[in-house]
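Protein chains: 4
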Amino acid sequence: MISLLNDYSEGAHPRILALLTEHNLAQCAGYGEDVYSEQAKALIQQHLHNEHAQIHLVSGGTQANTVIIKSILRPHEAVIAAQSGHIAVHETGAIEATGHKVIVAPSGADGKLTPESIADICHSHTDEHMVKPKLVYISQTTENGSVYTVDELTAIRACCDALGLYLHIDGARLGAALAANKALSLALIAQIADVFYIGGTKNGALIGEAIVIVNSDLQDAFRFVMKQHGALLAKGRLLGIQFLGLFEDKIFFESAQNAHANAMYLAEGLRALGCEFLTPPQSNQIFPIFPNSVMAALQEQFAFYTWQAMDAERSAVRLVTSWASDIENIVLFLQQAETLLNEYSVS
Amino acid sequence: MISLLNDYSEGAHPRILALLTEHNLAQCAGYGEDVYSEQAKALIQQHLHNEHAQIHLVSGGTQANTVIIKSILRPHEAVIAAQSGHIAVHETGAIEATGHKVIVAPSGADGKLTPESIADICHSHTDEHMVKPKLVYISQTTENGSVYTVDELTAIRACCDALGLYLHIDGARLGAALAANKALSLALIAQIADVFYIGGTKNGALIGEAIVIVNSDLQDAFRFVMKQHGALLAKGRLLGIQFLGLFEDKIFFESAQNAHANAMYLAEGLRALGCEFLTPPQSNQIFPIFPNSVMAALQEQFAFYTWQAMDAERSAVRLVTSWASDIENIVLFLQQAETLLNEYSVS
Amino acid sequence: MISLLNDYSEGAHPRILALLTEHNLAQCAGYGEDVYSEQAKALIQQHLHNEHAQIHLVSGGTQANTVIIKSILRPHEAVIAAQSGHIAVHETGAIEATGHKVIVAPSGADGKLTPESIADICHSHTDEHMVKPKLVYISQTTENGSVYTVDELTAIRACCDALGLYLHIDGARLGAALAANKALSLALIAQIADVFYIGGTKNGALIGEAIVIVNSDLQDAFRFVMKQHGALLAKGRLLGIQFLGLFEDKIFFESAQNAHANAMYLAEGLRALGCEFLTPPQSNQIFPIFPNSVMAALQEQFAFYTWQAMDAERSAVRLVTSWASDIENIVLFLQQAETLLNEYSVS
Amino acid sequence: MISLLNDYSEGAHPRILALLTEHNLAQCAGYGEDVYSEQAKALIQQHLHNEHAQIHLVSGGTQANTVIIKSILRPHEAVIAAQSGHIAVHETGAIEATGHKVIVAPSGADGKLTPESIADICHSHTDEHMVKPKLVYISQTTENGSVYTVDELTAIRACCDALGLYLHIDGARLGAALAANKALSLALIAQIADVFYIGGTKNGALIGEAIVIVNSDLQDAFRFVMKQHGALLAKGRLLGIQFLGLFEDKIFFESAQNAHANAMYLAEGLRALGCEFLTPPQSNQIFPIFPNSVMAALQEQFAFYTWQAMDAERSAVRLVTSWASDIENIVLFLQQAETLLNEYSVS
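Residue numbers (the UniProt record's numbering), protein chains in the order written: chain A, 1 to 347; chain B, 1 to 347; chain C, 1 to 347; chain D, 1 to 347.
Hints may be right or wrong, so weigh each one.
Any copy will do: because identical chains look the same in the list, a pair fits if it lies in one copy or spans two.
To be verified - In silico DMTMM-like links for lysine to aspartate or glutamate, alpha-carbon gap of 25 Å or less:
id, residue 1, residue 2
1, Lys134, Asp311
2, Lys132, Glu33
3, Lys132, Glu116
4, Lys250, Glu22
5, Lys182, Glu143
It should be emphasised that the hints constitute simulated quantities derived from the structure, not laboratory data.
Looking at chain A on its own, in the form it has when it is part of the complex:
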């Protein structure tokens, strides 16, 4: 069974494991103050073109979002997210567990927030009987595989400035976004966001996300909040060595490129077979629509999620590629799909 379920099915890029092994017995400071973490942070700052950005390494995305939002907001303040946003749906109320409401904005199939939806929310929150929106959360790429353009990001930034809101970008799949849109860069993201994180787990690392706090007003005492939330690993070296490897050896960008290229090849191939898509394929998550019988037959050989029933006969599915995807498996998928779709159209 070949899995296209997600981008965290395998371990780490082999080079990452090699580095962990190479430095294994060196003794170093705990809790993220090791030399590897220091070097990794300096390296990331270079990519950001911003030596004042504060960087913290944590183990996962829910943890990153929770610590960031908890650290920023006062008790009565809330975060705005798209209805399909990860913090709004798939983090088991982690943000609410820190005391804050997630205000959801209706979002289309692309899962994006817009300046209009943000402004609408702010204008309807008028007094102390309602929470005060203070932070905007967007995911890049979104949970639906779409990618915010530079113009869209710039417009959201302007909207945040006008309304006195901070902007946090969930970059669990930021590598995928950079691979999908060459106009984007880490430096650009650092210019637009107040805070964001660079996802390692879904892009070549065993675990690890690098939180970047650009806005200096939000930097104070962040390590306290991390520790309080169990996000300071005793062996912070585990994160430091991995991010050093990701950026020193460009594994971060190469891993994302591999995932992207495989996804685009797959999308092109499916389109050539006459497939329609739930949303336009943009990044390493694509959502083709298959007849249910074809879907079922494919699922005998490939693991992937059924996403949404389109009608009585057809469903959209989610296919995800990763740093570890092998083009041979993609070719196999396309061949199998072609055979099944042909059989289906004949029947």
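Take the given structure of chain A and dock chains B, C and D to it, following the hints.
Below, chains B, C and D without anything else, positioned relative to chain A:
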């Protein structure tokens, strides 16, 4: 510089890294439902002689304590800990951040709770104007390196039963306790505690603690609380493979034995040199007392913490050994100490 | 200026103040254990036909909802509410501040939850990556003045039973509901809900809501949670005497009846003038639609809220009557409206 | 049975009830924006000699402390209190329920914090593994009836300034302190504290505490936090009218003076009978020591709390006077005590 600062200065036991590398490209389910985690849990259940114990793997000790306590307590309930307990002092208010008071009991130099101190607290919490004690937290070994005996643990268990309290044992250094007292075993701990965790981070793993929920009343929906707290790793395999290695290959017990043997050798050697100790050396953390000048000279070659000033001239220090400790370094430390103490007594 | 803004613009029913004055110097126990509170609770139990129902008196509605929900839910559990539900919108994130998500169901103009909307939410919350719905919150009357029928309540109860959910009824305006629908009674509400509260603040008291916990599984330690939330008044007598007055002297029912009769008279009068309504007038909050110029002219003499623009020329407004409403003012309003509407239709 | 149990056994000063009755049917704005609240706040500002102080009226002391502390602290920050401080012991973990640790300083029989104890705590909280002390909480009068002198308050203020701490004074019995020490005044308290509250519940009101936020850095959005915590009463007039009465008619000061004079008369009388005291009588709570048999006999006629066993034969008790205390009852108590003590000394 040789470090005796703590037991998390190095990476992982080489066999752990080898296993991670060996299984790296196998595709498996996320969020702790991978085959390695399943196997590791089954193996641990065997060690516990309890197939009904529920096991969950998380990344660190603060996270383990927080998720456990948050999951167990209702809003008005509190946890009792020794004044020197990790949750009371060194977790940046993580328990309070989940809404619960940590009631501290005065504890002696050994850092242990006693049935008397627990009962005193319960009897002074009389009505709804005060929190309701519901859970007892002890660390085995304690933060001061002491080890609860079987009798002490049994007495605390009886006290908890009499007072309607749950018992949680923080086993960040449970391996060290087992190595220190052969009358203890994982199975015994599982008979005494309602919930506990087996520390991997400080005993041979890169990261990882195995939470064991013995009391079935406390097992419901634990994974929800984990996810809410950011404690479900997407690549749960990282924890599964490590705990499989720790217990399949007995690395857990051998690592603890190495730390213990080195600490006892060091303690014996220092005692032979006439050293006194803040507390009797029992496990891999020992607290010898040195003249300040000797301490300072030792710290030029060895890294370790000054723990407590004894008087104007002498200080207790903390020396910690680990799974990675090398007896040659211990011998070196003793030789250096002998030389310095001789010089000191002559002067 | 005559206010139709809300039902809490005046003080208390004069009989309540008389009772407070009458018993003023009697010394009694604090924190709700006074003789008046005990008597009031016994009296309410009689109205409920349920001597096992646990009753607690608190100062306000947000406090009642917060303490109830906080006491019931475990950390990962959530409450379902209509999009327009008070806890979802107008309590400044009070529920989230206790760590729990409020899952909103889309609701129509009537602001009601339906079994279908509840079931949809439960079916879409499938695993530990999402919060677990455990409690349903409805308001009776709703925030839009509508009243759940006995059949609707029964259907929601059945839905809750089928899905393993508790049901909480926010009765800030429960008096208004009883006045509006004679098939309802306190005893019936107590048969349907697991927990609810009887609003005093908006129905003749100075302050005060009586929380009723019918389900014995939810009764344990409730006073602890109240105290923790600052909801145990030192002079609990203030609440006890008022609820004693409300039910001993039937002020509760008479006050609600006065508000209802005034509202119905007003609604009938407006309908006779050709007014349309945003939602069918059912209780003491009604939502007639006026031409904007008429509305503005009325607002020179009467205070009331503009609720919603219907189109460029017309707006729905909210008119609220109370225990203290005087029919002469209602007649005045109708006269004025008639004059203004006539002028408008001529122009 | 005559109660000396506490200072909240009776209702309100009759003038307060008269004012509530007088203004009962006036319609006014809700949620603390009524004309009475506005007038009361202006009046209090005059007493403070500070027109920039922000004033908010809430229903009780636990609520006041909770909202204040929650509003001020960031997640990792903690409040320092005496071991006997109300927030540390008798608020059912209300502060921890908002996520913050209460760090307790050992305190003597007087229940006071000292600059030394505050500094000790700050110096032992060294890094991000521990919470960060940010706020000092003292009660004036203390829970033990003692009164901070101007010098003591000034020294604590200086200590707070030196250490970057805010100072909050719990004034549940601030009236009692002002009556006990004429060098104190509301204006002086407002110069020393960053925030404090003026207790009404225990000094003549039915309910109500006036929170004063002097430090403008702490004023932002306070009403949001109040509303979130259920501390904005719909009929805020109930608080406004009472505080207007308390300060317009000097009931606040007269009530405190009555409690104080009765307590001092009682203390002098007992001293004349040879009684010893647990702590020197300073305010409306006094702690005389009686032979147990005398105590028991007194408790047949007077209600009061046994506070602490002194030895096998004697106990300290707590006697509390209030705004409503009648000197005739005090005289009766002294006569009875004299008789019983005489009998005891003869036997």
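Okay, which hints does this one fail, numbers in order? Structure breaks hint 1 only.
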